Amino acid sequence: MQEDAAIIEIRNLDKFFGKFQALADVSLSVRSGERVVICGPSGSGKSTLIRCINRLEEHSAGQLTVDGIELDDETKNIRAVRMEVGMVFQQFNLFPHLTVLENLTVGPMRVRKISRRKAEERARKYLERVHIPEQAEKYPAQLSGGQQQRVAIARSLCMEPRIMLFDEPTSALDPEMINEVLDVMVELAESGMTMICVTHEMGFARKVADMMVFMEEGRIIESAPPAEFFSSPKSERCRMFLDQILEH
Amino acid sequence: MPNSSTRSLQTQSPGYSRFIAQMSAGKRLSFYLKSKPASVAVYLIVVYIIVQAALTGAEAMGYTWRWYRIPDYLFQLTDDGFQWGEISIGLVKTLQLSVQAFALAVVLGLIVALLRLSGLLVGTGVAVGYLEFVRNMPLLVLLYLFYYVLGPIFKFDRYTASLLCLAVFHSALVSEIFRAGINAVNIGQWEAAKSIGMSSAQAYRYIILPQSIKFMLPPMTGEAVHLIKSSAIVSVIAVAELTTIGRNIISDTYLSFEIWFTIAAVYMVVTLILSVFVTFLEKKYAVAT
Chain H
1 MQEDAAIIEI RNLDKFFGKF QALADVSLSV RSGERVVICG PSGSGKSTLI
51 RCINRLEEHS AGQLTVDGIE LDDETKNIRA VRMEVGMVFQ QFNLFPHLTV
101 LENLTVGPMR VRKISRRKAE ERARKYLERV HIPEQAEKYP AQLSGGQQQR
151 VAIARSLCME PRIMLFDEPT SALDPEMINE VLDVMVELAE SGMTMICVTH
201 EMGFARKVAD MMVFMEEGRI IESAPPAEFF SSPKSERCRM FLDQILEH
Chain R
1001 MPNSSTRSLQ TQSPGYSRFI AQMSAGKRLS FYLKSKPASV AVYLIVVYII
1051 VQAALTGAEA MGYTWRWYRI PDYLFQLTDD GFQWGEISIG LVKTLQLSVQ
1101 AFALAVVLGL IVALLRLSGL LVGTGVAVGY LEFVRNMPLL VLLYLFYYVL
1151 GPIFKFDRYT ASLLCLAVFH SALVSEIFRA GINAVNIGQW EAAKSIGMSS
1201 AQAYRYIILP QSIKFMLPPM TGEAVHLIKS SAIVSVIAVA ELTTIGRNII
1251 SDTYLSFEIW FTIAAVYMVV TLILSVFVTF LEKKYAVAT
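Top to bottom, those sequences are chains H and R.
According to the numbering used here, the first sequence is numbered sequentially starting from 1.
According to the numbering used here, the second sequence is numbered sequentially starting from 1001.
Simulated from the structure, these hints should not be mistaken for laboratory data.
Some hints here could point you the wrong way.
[To be verified] No farther apart than 20 Å at their CA atoms in a straight line, the calculated lysine to aspartate or glutamate pairs in the EDC-like style are these:
#1 H:Lys-76 x R:Glu-1191
#2 H:Lys-118 x H:Glu-160
#3 H:Lys-207 x H:Glu-34
#4 H:Lys-207 x H:Glu-228
#5 H:Lys-125 x H:Glu-187
#6 R:Lys-1284 x H:Glu-102
#7 R:Lys-1284 x H:Asp-14
#8 H:Lys-125 x H:Glu-190
#9 H:Lys-125 x H:Glu-160
[As the list claims (entries may be wrong)] Quick list of the computed label-pair ranges, beta carbon to beta carbon:
#10 R:Val-1126 x H:Gln-63: 30 to 40 Å
#11 H:Glu-217 x R:Leu-1120: 48 to 58 Å
#12 H:Gln-244 x R:Met-1023: 49 to 59 Å
#13 H:Gln-63 x R:Val-1099: 54 to 64 Å
#14 R:Ser-1013 x H:Ala-172: 31 to 41 Å
#15 R:Ser-1118 x H:Asp-183: 57 to 67 Å
#16 H:Ala-141 x R:Leu-1044: 38 to 48 Å
[As the list claims (entries may be wrong)] Pulled from the structure, derived: some chain R residues nowhere near chain H, Cβ distances all over 10 Å:
#17 Ile-1089
#18 Leu-1139
#19 Ala-1180
#20 Leu-1217
#21 Val-1278
Predicted model, so just to flag it, every value in this text is computed and none were measured.
Beta carbons: idealized from backbone N, C-alpha and C, even for Gly.
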């Protein structure tokens, strides 16, 4: 795969939930190492879009290629893509019956089939990277929200994915915990990871994004580099949205 | 722990008496009734009434109690040494039947539940068909079906017929417990498991089922107790389990009251032991979510 080739190629994607159209003719291509931030009002299809990328949602029409693998009904392809694409959820979704360490090793051991020793080594390395090596033996319920979300990030990283998806990772957090999670995400961005983040943290977006995407009613209304996006948004709707969330 | 808090309140007497004094009369009564000694007293009164009623009834019939004959049916100490009595042998058969049937019911039930949840039209159809067919048939009819219809065709004996009948009947109910338990696990757990590349089988095994155990333990215990008790029905095709043995002894000796009371007590002891054991398990699997 060449340097500049798109690692994610989305072409004319449609998604219907019953009669409701959640995505309408969405096209987007993301290069390896690129950081994309998607924003837009609630119900605009941002989450649906990134959930299509690892097939948590099945797209209704269009083409979606991730890391050279086309996502279709082939189970083998879906799992291959999921192993390359990590995802961090708004509600963390840690496994409550497993310790932090086990949360991090269960994927590598069962899916990647690496040994326990290697998996634990890797888990400790990534816990170190999200700054909570001392919590390895605890259960998720014993951690704060910010710590849980950092464990969730580490859990995804343990699969050594090439792409990371973030679905409003700080929306469920208490305000004082948002920064500890964003710091980890900034560090991850600086390490060269390909990232697609759905978030309203515009400070974070300004700092790391290569590309801003604004969505409304299932369509991409605007996509531009952050400098241009924030200073002179082309569409009226996007300007209004930015005014609303940047007001405070 | 409500008990320990009641106890500590009782030892701190000034505060405790003020606490009691502040309550209205009705509230105070219900507070006292909820205490442990009151519960035990109520229980004893109820048991006394039942026993008294049985005794009165038996007396009116001119029944002669011969409890002294019962221990021989539990175990005997003869010159040959210790020997299990008939009731004990029957109990072992009941336990054997129940354990095997329950194990089979759990396996069948899990398969049916997974089929139901598979999202495949055929799978769901087969599962629902099986469930409704089995669930809406009286256990006795199902037993006759296995013994008189399927038995001769597939050449199985009365024990196997009983075992399969109980397993099939309870598998339908167990499958619903599995389904409820699996559905009780947050959908986010599925998504997290899928997002790290797990197959459905891996997600079930490592993520979903371990978490659904805590939801399934209480109804599953009820189901096990139910199965042990409903295993008595196989006495109609004369499998030599607890109830059959009881009937046989009664037809030999006319000790109806003593034997039925004893048999009832034996069932109760077994199911109570089971319940206590599961309470320990529940504590073990109580994971905060």
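Status of each hint after checking the structure:
no. : hint                               : in the structure
1   : H:Lys-76 x R:Glu-1191              : holds, 17 Å
2   : H:Lys-118 x H:Glu-160              : holds, 13 Å
3   : H:Lys-207 x H:Glu-34               : holds, 13 Å
4   : H:Lys-207 x H:Glu-228              : holds, 14 Å
5   : H:Lys-125 x H:Glu-187              : holds, 15 Å
6   : R:Lys-1284 x H:Glu-102             : holds, 18 Å
7   : R:Lys-1284 x H:Asp-14              : violated, 47 Å
8   : H:Lys-125 x H:Glu-190              : holds, 17 Å
9   : H:Lys-125 x H:Glu-160              : holds, 12 Å
10  : R:Val-1126 x H:Gln-63: 30 to 40 Å  : holds, 35 Å
11  : H:Glu-217 x R:Leu-1120: 48 to 58 Å : violated, 34 Å
12  : H:Gln-244 x R:Met-1023: 49 to 59 Å : holds, 55 Å
13  : H:Gln-63 x R:Val-1099: 54 to 64 Å  : holds, 55 Å
14  : R:Ser-1013 x H:Ala-172: 31 to 41 Å : violated, 48 Å
15  : R:Ser-1118 x H:Asp-183: 57 to 67 Å : violated, 43 Å
16  : H:Ala-141 x R:Leu-1044: 38 to 48 Å : holds, 42 Å
17  : Ile-1089                           : holds, 42 Å
18  : Leu-1139                           : holds, 36 Å
19  : Ala-1180                           : holds, 18 Å
20  : Leu-1217                           : holds, 14 Å
21  : Val-1278                           : holds, 18 Å
The earlier numbered hints that this structure contradicts are 7, 11, 14, 15.
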